[in-house]
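Engineer: Can you build the whole structure from these sequences, using the hints too?
Per our numbering, the sequence shown runs over residues 23 to 340.
These are calculated hints, taken from the structure and not from any lab test. Only a predicted model underlies this, so the values are computations on that prediction, with no experimental measurement involved. Treat the hints with care, since some could be wrong.
Cross-link-like lysine-lysine pairs, in silico, DSS-like; alpha carbons within 27 angstroms at most [what the hints assert, rightly or not]:
hint, residue 1, residue 2
1, LYS208, LYS48
2, LYS193, LYS149
3, LYS180, LYS193
4, LYS146, LYS200
5, LYS146, LYS59
6, LYS149, LYS200
7, LYS128, LYS200
8, LYS59, LYS43
9, LYS43, LYS208
10, LYS128, LYS208
11, LYS70, LYS180
What follows is a list of derived Cβ distance ranges for each label pair [said to hold, decoys possible]:
hint, residue 1, residue 2, range
12, ARG103, PRO64, 31 to 37 angstroms
13, ILE174, ARG89, 34 to 40 angstroms
14, THR91, PRO64, 43 to 49 angstroms
15, ARG117, ARG89, 20 to 26 angstroms
Idealized CB from N, CA, C, for every residue including glycine.
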Amino acid sequence: MVLLDAKGDAIWVQVPRNLIKRFDSKIEEQAICVIAKFKVRPLTSNTKYRPVNNPLVIEFLPGTTIRPTDSTQSIPRHFFRFIQHSDIPQNVNNRMILLDVVGLLKECLPPITTTNLRGRSTRKEIKIMLLEGVVVDIVLWGRLITQLDEIILVAGSKPIILVIPCVFVTKYNGGDLKLSSSTATKLYGNLDLPEVAAFHQRFRLELSVIDSSSEALFVVLDHAGWKFFDKSAQELYLSSDQHHNGVPAVIQNFERVDVTFHVKLNSYTFKNPSHGFSIVKIVEPKGVHQLRSKTFESGQHSNEGNINSTSAIDVVGE
Numbered sequence: 023m024v025l026l027d028a029k030g031d032a033i034w035v036q037v038p039r040n041l042i043k044r045f046d047s048k049i050e051e052q053a054i055c056v057i058a059k060f061k062v063r064p065l066t067s068n069t070k071y072r073p074v075n076n077p078l079v080i081e082f083l084p085g086t087t088i089r090p091t092d093s094t095q096s097i098p099r100h101f102f103r104f105i106q107h108s109d110i111p112q113n114v115n116n117r118m119i120l121l122d123v124v125g126l127l128k129e130c131l132p133p134i135t136t137t138n139l140r141g142r143s144t145r146k147e148i149k150i151m152l153l154e155g156v157v158v159d160i161v162l163w164g165r166l167i168t169q170l171d172e173i174i175l176v177a178g179s180k181p182i183i184l185v186i187p188c189v190f191v192t193k194y195n196g197g198d199l200k201l202s203s204s205t206a207t208k209l210y211g212n213l214d215l216p217e218v219a220a221f222h223q224r225f226r227l228e229l230s231v232i233d234s235s236s237e238a239l240f241v242v243l244d245h246a247g248w249k250f251f252d253k254s255a256q257e258l259y260l261s262s263d264q265h266h267n268g269v270p271a272v273i274q275n276f277e278r279v280d281v282t283f284h285v286k287l288n289s290y291t292f293k294n295p296s297h298g299f300s301i302v303k304i305v306e307p308k309g310v311h312q313l314r315s316k317t318f319e320s321g322q323h324s325n326e327g328n329i330n331s332t333s334a335i336d337v338v339g340e
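Structural biologist: Okay, here's the thing in structure tokens:
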């Protein structure tokens, strides 16, 4: 387990196997306690799977005491060091310090049970989208599958932001990099954290726009998205009016709107064979340009269709 103090510092705690029953009933997650008569020792250089990056570890002794307190000290209830997508490749061989990740649950694959010399084991692969918009694969083992089912049941139809601490990067067959749970991993759904709130506030709509000559990708960012739909990103994200693929109906209906795009071109635009633009401003309608488009939000694709609306939105982008 991991202990936090009032300064927000974290340290790994190890309880010897013969003392687990003694302390099990005295330890409660998120409880504030006064702990005394324990041993602090340095970790050996080859100690693997550390839940926190701290060279010291606390070891409980037979005489260790744990006393609950109603102290009003402002002690954090959680401690996470979330990685970004760019951190994954450089940690592929890292078994020293475990990693924490937060992301939007996008897909759950069926569980798979295998048998080997050590017995039977069950794993389940899920896909989560990081705040950068990148989808990563995570392999969950054993008890975590039940934890995930419980989180999904509680959330109902609402989106689920998963916090998954203590994972590591592994390379599977074919060279694909995936995150894998460890024995210290626990799942948390929709925690009250700034990193979770960021998913509710973030909004990204991608338009694949086709005219008579070519196709380009237009990205509608937060501030422009609000002007499109007259709703905040959080309101859209938590909308109960969800299409079967998880995209709010107001976004699905957007593919029936005619738009005029004004784009800013530079030298990179002509060098890159795949054209993409970020929409940064919406101005008053000035005309209609017939387009065929397909829209998707957070990676969810809709069907391509003809645009028949008579309205138009002028967009300035770069």
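Engineer: Would you mind marking each hint as holding or not holding in the structure?
Structural biologist: Now the hints, each set against the structure:
no. : hint                               : in the structure
1   : LYS208 x LYS48                     : holds, 20 angstroms
2   : LYS193 x LYS149                    : holds, 16 angstroms
3   : LYS180 x LYS193                    : violated, 32 angstroms
4   : LYS146 x LYS200                    : holds, 12 angstroms
5   : LYS146 x LYS59                     : violated, 41 angstroms
6   : LYS149 x LYS200                    : holds, 10 angstroms
7   : LYS128 x LYS200                    : holds, 15 angstroms
8   : LYS59 x LYS43                      : holds, 18 angstroms
9   : LYS43 x LYS208                     : holds, 21 angstroms
10  : LYS128 x LYS208                    : holds, 18 angstroms
11  : LYS70 x LYS180                     : violated, 37 angstroms
12  : ARG103 x PRO64: 31 to 37 angstroms : violated, 21 angstroms
13  : ILE174 x ARG89: 34 to 40 angstroms : holds, 37 angstroms
14  : THR91 x PRO64: 43 to 49 angstroms  : violated, 28 angstroms
15  : ARG117 x ARG89: 20 to 26 angstroms : violated, 36 angstroms
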